[in-house]
Amino acid sequence: MTWFTRRLRRLAPQLAALAIILGIISLIAPGFLTISVQNGRLYGSLIDILVRAAPVALLTVGMTLVIATRGIDLSIGAVIAICGAVAATLITDGYPLPVVIAVSLGVGIVCGLWNGILVAVLDIQPIIATLILMVAGRGIAQLITEGVILTFNDDTFAALGSGALAGIPIPIYLWVGTALIIGLLMRRTALGFLIEATGINRRAASLAGVRARFLLFSAYAISGLCAAIAGMIVTADIRGADANNAGLWLELDAILAVVVGGTSLNGGRFSITASLIGALIIQSINTGILVSGFPPEFNLIIKAGIIIVVLTLQSPAIITLFGFIKASRRSDKLNHGTKEATR
Amino acid sequence: MKKALVAATAAAIFATLASGVSAKSLTVGFSQIGSESGWRAAETTVTKQEAEKRGVTLKFADAQQKQENQIKAIRGFIAQGVDAILIAPVVATGWDAVLKEAKEEKIPVILLDREIESPKDLYLTAVTSDQVFEGKVAGEWLAKDVGSKDCKVVELQGTTGSSPAINRKKGFEEGIKAASNIKIVRSQTGDFTRTKGKEVMESFIKAEGGGKDICAVYAHNDDMAVGAIQAIKEAGLKPGTDIKIVSIDAVPDIFQAMAKGEANATVELTPNMAGPAFDALEAYLKDKKEPKKWIQTESKLYTQKDDPMKVYEAKKGLGY
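Sequence lines, in order, name chains A and B.
The first sequence runs 1 to 343 under full-length UniProt numbering.
The second sequence runs 1 to 320 under full-length UniProt numbering.
Bear in mind the hints are in silico, worked out from the structure with no lab data behind them.
Any given hint could be a false lead.
[Unchecked claim] SDA-like mimics (lysine to any residue), calculated; alpha carbons at most 20 Å apart, straight line: (1) B/K260 / A/N245; (2) B/K233 / A/Q38; (3) B/K260 / B/D242; (4) B/K260 / A/A158; (5) B/K233 / A/G40; (6) B/K315 / A/T151; (7) B/K170 / A/P295; (8) B/K170 / A/G293; (9) B/K233 / A/P295; (10) B/K152 / B/G211.
[What the hints assert, rightly or not] Take a look, some chain A residues computed to stay more than 10 Å from chain B by CB distance: (11) A16; (12) D93; (13) G94; (14) Q125; (15) S162.
Beta carbons: idealized from backbone N, C-alpha and C, even for Gly.
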């Protein structure tokens, strides 16, 4: 039970923010919270949020680990484009689905390992190291698709993006499943703990016997793998690989989701669950703006405004202030109490 | 005897050389922005085709979206002494100096697809489409198609603040002004992409009573329309019949959708800007006839009646 309350306390700010945002949207757009069953699948704006959040949520899982090692991965948006292009090319060439999925995932991991080499072996700063693939990646994707939007008509692959299983859209299974597997791997083994140690002080961790280099490699590889899954979802969703636009700026949304989730960019303590709630907050804002009917000129301003409020409430300064107020109240009470007693 | 042979050959060679000069095949430099979109790739392909058709030697320079590369390319063309220069300018400002250099060398410059903010005497003419007119053609088609029935339209705008988004919106509103039965009920940006087009359409459908109240979608480009078509299908409605689809650009994929009856109309942004440009150039070089400062390309309307599969086959190879 104490474990549960401790978890809840850690996630409280994010959950509160999500609830408030959903509440406000449902006031502006009535019917926002209704979920019905249509054509044998769940249907409604809340389901849309869960489906549309899939790419960012997947990226967020990988990004959380990378940020926990005190790194950052700017390349994942481009990796989405690369893996999407690879998947679309293989599908149009008529390869069977398992091959397509395996190769795309493999390409994602290779992209992650490339970042890993630059960061862990050559000791290049992560922001620069991953910037290389961020810039070059779209070019690579363009080369693969030969500069066009590569479309395909394969219903089984398209199901990854728009299909449903037992009434629930498949992208939801994919991101929740990936997050569960990676989350359990981190927390049911010592991996998560070791990654945190590496992020806080790599040298100290190494001296204590942690294989920091291997951990860095795996963090970036997982990030690439998550981006590959996201890339397949994005590509399957529109039945085409758009090298220019697939995953564009999603790396920034993923970083934002991690930060909204309360994981520090300085590395160390991380929470995948909190980051995922962060991703849901971002997608709720996006979907909320779309159903609210505001003119598009306001989209970014509304989004920025909400994010500022959420981040301010979590900022160390505000938390210290709250702590101070609480403490002073308690000491007031305490003083009062002692006075009463002495009287 | 030998001497005579040599003289004869020399004369023959001279003659062929001279005739080559007198036929005067034009050499034209073309500074393209880069390969930012499928449409631009098609524009490059068509420009090369048009040049080949007319026997024009085309020198092609890809600027990779950078003005400095374009200016470098133009200076290069001037140094090579080309007969004319075509530019698809990446931005609107900063061209005065290099255009003056071309003018001093008496090399006519023609702008393709976009206009610039320079004195009008620095270039021969500009060949562009009229984006407001494109929107108007789409709007007028819809007004004619729905007749007097009430029609709620949802609009998928281009990137917020971009000139095609502003102009195509304005034109469409002009086109449906006379028809008071047509109303735009929702308008959001889909960033000109399929993914966003689909996502925005999904929420429009939910916000408008499951999509049954929506009569038509107007998308500022075909890609967003393709995304919207998928969203409509997944909501269990029939695009093209339950909800009409009208968009702009006429890229090959929309013709496939039209052939299946899933899209209704598209207004072409022709990739053939070079054809009218070469026409104007030839007239100018031959009779010194100054063309108008702005040549408007045709904004042709395609509907399901125009044999979409045939148009698709014709456009497929252009590199869209």
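Hint by hint, here is what the structure shows:
At roughly 26 Å between alpha-carbon atoms, B/K260 and A/N245 are farther apart than 20 Å, so this suggested pair is violated. Taking the CA atoms of B/K233 and A/Q38, the gap is near 13 Å; set against the 20 Å cutoff, the hint holds. Pair hint B/K260 plus B/D242 holds up; C-alpha atoms about 14 Å apart against a cutoff of 20 Å. Between B/K260 and A/A158, the direct Cα distance comes to roughly 19 Å. Compliance with the 20 Å bound is thereby established for this hinted pair.
Distance restraint check for B/K233 and A/G40: the Cα-Cα separation of roughly 14 Å lies within the 20 Å cut-off, and the hinted pair is therefore satisfied. Taking the CA atoms of B/K315 and A/T151, the gap is about 15 Å. The hint holds against a cut of 20 Å. Between B/K170 and A/P295 the CA atoms are separated by roughly 15 Å; this keeps the pair inside 20 Å, and the hint holds. The suggested pairing of B/K170 with A/G293 holds, with an alpha-carbon distance near 19 Å, which does not exceed 20 Å.
Restraint check for B/K233 and A/P295: the C-alpha separation of about 26 Å exceeds 20 Å, so the hint is violated. Between B/K152 and B/G211, the direct Cα distance comes to roughly 10 Å. Compliance with the 20 Å bound is thereby established for this hinted pair. The beta carbon of A/A16 is kept farther than 10 Å from every beta carbon of chain B, the shortest such distance being approximately 25 Å. For A/D93, the requirement that its beta carbon stay farther than 10 Å from each beta carbon of chain B is met, with the minimum near 18 Å.
Every beta carbon of chain B lies more than 10 Å from that of A/G94, the smallest distance being close to 19 Å; the non-interface claim holds. Under the 10 Å C-beta cut-off, the non-interface status given to A/Q125 relative to chain B holds; the minimum distance is some 27 Å. A beta-carbon of chain B comes within 10 Å of the beta-carbon of A/S162; the shortest separation is about 6 Å.
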